[in-house]
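Assemble chain Z with the ligands onto chain C, guided by the hints.
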Amino acid sequence: MGASFSHLGLSNDVVSSVVSLPSSNTGKKSSSKSKNLQRWTSSGLSTPRDSEHYTDLDDDWDSNVENCLTSVNSQPKFIENKPTFEYPLIRKISSGVKSSTDDGALALYAPHILQEEESHKELEEMNAKLSRYHRFKHLVEESTVDMDKLKKMAWNGIPSELRPISWQLLVGYLPTNSNRREAQLHRKRQEYLGLIEQEFTKEKDAQTWHQIEIDIPRTNPRIKLYGFKSTQRSLERILYLWAVRHPASGYVQGINDLATPFYQTFLSAYIKDETDVTQFDPSTLPKDSIDAIEADTFWCLTKLLEGIQDNYIHAQPGIIRQVNELKDLVRRIDTELSNHLDDENVEFIQFSFRWMNCLLMREISMESTIRMWDTYLSEPNGFSEFHVYVCAAYLVKWSDELKKMDFQAIMMFLQDPPTKNWTEKDVELLLSEAFIWQSLYKNATAHLRG
Amino acid sequence: MADMEDYAYDYDYLLKIVLIGDSGVGKSNLLSRFTRNGFNLDSKSTIGVEFATKTLEVDGKKLKAQIWDTAGQERYRAITSAYYRGAMGALIVYDITKPETYENVSKWLKELKDHADDNLVVELVGNKSDLEHLRGVPTEEAKHFAAENQLLFTETSALNADNVDLSFEQVAKAIYNMVKKNQLDLSDYSGAKPPTGQTISLTPTPGAESNKHKSNCC
Ligand SMILES: Nc1nc2c(ncn2[C@@H]2O[C@H](COP(=O)(O)OP(=O)(O)O)[C@@H](O)[C@H]2O)c(=O)[nH]1
Ligand SMILES: [Mg+2]
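Chains as they are written, first to last, in the numbering used here: chain C, 1 to 450; chain Z, 1 to 218.
Hints listed in this document are in silico derivations from the structure and should not be mistaken for laboratory results.
Every residue, glycine too, gets a C-beta built ideally from N, C-alpha and C.
Just to be clear, a hint being listed does not mean it is correct.
[Stated by the list, open to error] Listed below are several chain C residues computed to face chain Z (Cβ distance under 8 angstroms; list not exhaustive):
#	residue
1	Arg354
2	Met411
3	Phe435
Chain Z with its partners taken away, still in its complex shape:
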């Protein structure tokens, strides 16, 4: 209902992306900024997992990003980690004003390593760049860490929209390029049913996979 035009299957590739990171760093607002151009100073906390999509154009191809926003609290890890499976990209978000959230990035990397596919594209995202005066994590340090771990990197502000589109697009492009280069193995894909027939899709054909993920996630 929310987006009828997306409902019409007018895309070429479907990309599953997860949004992870500590509670309160701004994941949900990054997502609402990206998909609806909205920001909420007073949004509710995310419980379990929430879902949104947006279609991007890269190389004349329509990439539909299917993004899963997760709850940051430890207790939800068992539930949320089930969603890492089949993801092609992940954004690990921290808050540039809160060094603890940056220090936890390695924990989040480990989470991905344990639960996600190996060839996943990962981006490190330092959010709340509008709060420069409160900065606790130097850009250079995070950039360095990202390079060392082969992660993409951006600093964003969900509040004033700085770099938000860029950060998602960057991930989508990287996934797309990777797919083009080595035909990503998608056999573990789980999620939406692919469009019927006419479009090229990364996803398996209907039916082939539909009974693979019936078990409950935890």
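So here's chain C without its partners, still in its complex pose:
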């Protein structure tokens, strides 16, 4: 197991901190679970704060809350406590980079730029990006992460190296207090393994298992990562466990899609920067790491679905509500389009059901989805409310085209939209448009429906 790391080209210190390999590179397996957790650890004390939707895990976690809520609350805030542990993800970055300038991370973003004569403007852009990266890094390295600040910054996109920890913070899985992370992660990962053990040693719910089995090979089939057995077995366990623990909805097709941005993002923390995570075979990782990725994915998926569970219960009322909201919104934003759809007898549910059920993941690329989730996770109700504004912005984007089409052409167009080559810029434009619609109409739509 450990030996297989040599081909990843990770140096010892990187491997031991990032991938929690045994301290020697000989391939002997360390049983130390805590090493696995170490990557999240730094010191500091917590300022408990409430976020509006995704609250800190310790504040609202429903399962075995044997936690320190009260004791934490009573702790004095901001005891001076300098971080002593360098965050390993960041070490991974700087250690992978030859520092030809003061700032190694610049090379990380665009090594070629350093070698070429670049225009002033491009350099400026790089510098802006770099300084943003450093500010971000600083933010998540704080002993107590300022969640408001993090949300503000993350809304505009998270540097990919900092995405795993940022997402786990934003979703409320990782405590804002770095002191508590190690224990928390250890506990949740152990709990996950226990639950898996428990569910997979007894007889499986045949129907649930059957549906998951059918859907696993149909999950992101165009991305190599999802063709690997190791990936498929992990997703299978995650989905099945979630399903049996949430009998009101159980497994619903599309939830498989929702697990993958987490999985892929958390996996990326365990592999070398130059390696494209979408091509990576996770079976080359030690079991400890796979278990950790799985557990983190499971809990974060659980958090996400908590906010949209009525999308997946009987008759899917959450989706119906969102479809109606979308319809109301589009009527206000683009009356002509709304009228045209009416004239053509196109019903919103016919094309936007899937948008709600899979959070537009069937419409845009995985890369775009991941960028979109930076923002969704930073919004108070990103997946249940802001998403509707994003859908409105998305529909209105095609307004000119759609208005020239009849029923059938509209359906075909929206089923297979020309978004394959969308870049981060396109997604960001969509998100900022959605933001505007939200600020204009947020309270108006509720009133409309009365």
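Chain Z with the ligands only, in chain C's frame:
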């Protein structure tokens, strides 16, 4: 965009057909084989309902089949059953290698009975006939069941295209013949706007129906 020639309204009749059956039996691949001559070993699961069309010729008339492919999972029943309304034909698909999917055919028949129009043409389709070595549902048994319930019947393979066109054409013809014979009542039609004027259509004239189906489906 996908098919501009269809966009030109060059058809005489518009037939609405639904594709139902358990998850994973090959509905989406039957549809892509029929409409685009494509097959995907790795297609994504269908969420809710998807849509495709193809124009056929019967008796020198152009029949445009407007086909709604549905998600098979139970949870989606509330959404998908809304699409049965106004359908003139239905294909109930099962997987010949999976007897459970065949056993569920009666459930699907009941779904149609509860939600679709009475004079609907129904065909039983046993898909994946290329997997003969894994067969779990004897042809004769399914054929017998189909006859008993007045269903059309075919075995198909979306993979190697066997009988795929035939199975859709069979349904389209049956609908067409029925229409010719007793002028199917189409007042419950819901779906695309009919072509403007020049062609004979089964569908109501624009405007007459356009406000009938405004309510959300569930
Ligand atoms: N061997 C074989 N496999 C098929 C056939 N039709 C579909 N499949 C496979 O069965 C799986 C499910 O197909 P799909 O069309 O998504 O089923 P649906 O859920 O009913 O729409 C896919 O892996 C297909 O490649 C067929 O005729 N023969
Ligand atoms: Mg399908």
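The hints, checked one at a time:
no. : hint   : result
1   : Arg354 : holds (4 angstroms)
2   : Met411 : holds (5 angstroms)
3   : Phe435 : violated (26 angstroms)
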